[in-house]
Amino acid sequence: MQKPLHWREIIITRLIQASGYSAILFVAAIFLFLMREGLPALGEVKFSDLLAVRWYPIEAYFGILPLITGSLIITIGAMLIAFPLGIATAVYISEIAPRWVREILKPLVELLAGLPSVMLGFLGILVVSPFLRTALDLPTGLSAFAGSLLLGGIAVPTIVSIAEDALDAVPRSYREGAWALGATKWQTIWRVTLPAARSGVLTAIMLGIGRAIGETMAVMMVTGNAPVLAITPGSLFAPARTMTATIAAEMGEVASGSTHYHVLFFIGIVLFMISLAVNIAASSVVFRAKKRAERILS
Amino acid sequence: MNIRWSHLLFVFCFLLSACGADSSSGSTSPALYIENKGSDTIVNLALAWAERYQGEHAEVRISVTGGGSGTGLAALINGTVDIANSSRKIKEEEIADAQANGIQPVEHTIARDAIAVIVNPENPVSELTLQQIADIYSGKINNWREVGGEDRPIVRLSRETNSGTHVYFLETVLRLGSKEDKTLFATNTLLLPSSEGIIAEVRQNPNAIGYDGLGYVPSDVKTIAIAKAEGDPFVLPSAATVDDKTYPIARDLYMYTAGEPIGAIKDYLEWILSPEAQNIVLELGFVPIK
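As given, the protein sequences belong to chains A and B, one line each in that order.
If you count by the numbering used here, then the first sequence holds residues 581 to 878, one letter each, in order.
If you count by the numbering used here, then the second sequence holds residues 652 to 941, one letter each, in order.
Errors might be hidden in some of the hints.
Taking lysine-lysine pairs in the DSS-like style, the calculated list, with each CA pair at most 30 Å apart, reads [said to hold, decoys possible]:
#: 1; chain 1: A; residue 1: Lys626; chain 2: B; residue 2: Lys833
#: 2; chain 1: B; residue 1: Lys830; chain 2: B; residue 2: Lys791
#: 3; chain 1: B; residue 1: Lys879; chain 2: B; residue 2: Lys917
#: 4; chain 1: B; residue 1: Lys830; chain 2: B; residue 2: Lys879
#: 5; chain 1: B; residue 1: Lys742; chain 2: A; residue 2: Lys626
#: 6; chain 1: B; residue 1: Lys873; chain 2: B; residue 2: Lys742
#: 7; chain 1: B; residue 1: Lys830; chain 2: B; residue 2: Lys917
#: 8; chain 1: B; residue 1: Lys879; chain 2: A; residue 2: Lys626
#: 9; chain 1: B; residue 1: Lys896; chain 2: B; residue 2: Lys791
Derived from the structure by calculation, the hints contain no laboratory data.
All figures in this text were calculated on a predicted structure; none of them were measured in a lab.
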């Protein structure tokens with residue numbers, strides 16, 4: 581009777597092990613594929629041409645700087661909106677709201693996370709961009725800022741959901757300790773609960789950034805997709821073109837193996853590197869925070 | 652025992668119905684299947700044709716998808732479609748790519764299309780010369796005041812670069828048909844992924860100027876009358892002005908096949924040139940060919 585159970589255990593252990601390793605395998609395979617398709621671009625286009633400021637691929641202008649700056653400015657704008665809003669919502673749900681409000685709010689926020697981004701894009705074209713044009717007196721509402729607003733909206737549910745879990749995981753004794761010392765509710769939240777949940781909150785923000793920089797559809801619909809170098813603060817209110825929208829809009833047309841095709845994959849590599857950098861930065865900050873916490877506790 | 656029998660009966664019925672479904676679909680399913688893909692300008696026309704044709708020929712099934720002229724021609728080169736729709740002529744490189752894959756693209760002119768230049772109805776400008784439109788899109792003219800309008804910035808709207816309409820507009824309007832001219836769209840030209848995106852923006856933004864196939868222009872935006880050169884009459888796009896060549900931005904629309912068409916594809920392409928099919932062209936706002 582023991583033996584078949586034992587075998588089953590071994591098989592299950594191996595399967596779980598394999599699915600654990602598969603994540604590494606997939607990332608490595610994707611990375612290798614990106615490299616294989618994207619690196620030839622460096623041989624076909626001069627590096628200085630890649631760093632030029634004009635993107636017009638059908639006439640062999642392959643300057644990707646406007647696309648990188650476009651993605652960055654829209655993501656930064658989105659974070660400026662989503663970060664305060666997301667953390668404040670998480671704090672409200674976890675620390676302040678009465679139980680019944682919380683029971684309604686949390687599922688609603690998570691439902692928001694499931695909204696297809698193409699729907700938000702429609703909303704952006706028909707409501708947000710006309711509103712921005714008249715309210716801010718812009719030449720057109722199809723701008724980086726419209727993209728930031730939508731991306732902020734897309735990132736908020738991610739941030740709220742994860743940050744709220746982190747705040748919720750802070751032991752009740754921390755808060756009770758703070759109250760016992762005479763701290764107000766606000767002091768407890770700002771000085772005790774939030775710092776204690778720091779690593780979870782940071783993860784939430786990083787995942788929010790990841791969600792924003794990788795988002796394609798909504799951005800393609802509302803930012804106007806003009807490949808303009810976006811380096812001044814005013815660029816936030818002008819049209820911009822992101823790396824993701826460029827890949828999505830142009831991948832369908834290119835002949836596979838052409839220079840344009842390789843450059844699109846090269847943009848994919850840049851995108852991959854940026855999210856890798858964001859993730860490494862996040863985990864190193866979290867790691868350092870953990871070490872410090874351990875030191876204090878010991 | 653009872654349960655067993657009912658189980659068996661159920662399995663038997665299931666098998667029977669599966670077989671039945673198989674054989675019946677085999678006998679009535681159309682034997683001829685045509686895959687048709689490409690230009691977003693042509694897609695509505697191709698759909699209307701396909702619907703009418705399938706109504707008359709039950710044995711033929713035609714699947715029509717859009718995606719842009721470049722997308723359709725790329726699919727033809729890769730051998731995944733029977734007919735590629737294109738609103739521009741096939742490029743030399745594309746012919747070379749196709750030949751490398753053992754495919755010889757054959758061109759069929761199927762209709763004509765006028766490109767309408769559109770603005771918001773609130774915009775007082777209603778006439779422009781080709782040169783003025785070229786200067787607007789290349790970034791030399793940046794305010795509506797310079798072409799007789801209000802003091803407003805100009806917001807240029809264009810289709811994405813994979814659109815045949817984009818390429819045609821670049822060659823015919825921005826470069827005025829000159830091969831040496833290397834003028835490009837101003838970098839802050841908005842590249843919108845769909846015709847609908849352009850119409851939606853022009854409808855609500857008095858600063859905007861856009862262009863689109865005449866068949867797609869709704870009545871709530873203003874179509875600009877265009878003169879070939881200073882002093883020439885300003886002409887609005889229509890079937891008549893395209894036919895007598897007074898409207899300057901009109902082009903042929905094409906279907907490409909891999910090699911000379913045979914069988915069902917040949918019959919379909921012949922039908923497209925019939926008066927019945929060309930009548931549909933007129934109904935959808937395009938211009939029929941003789």
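- Unsatisfied constraints (hint numbers, rising): 3, 6, 7, 8
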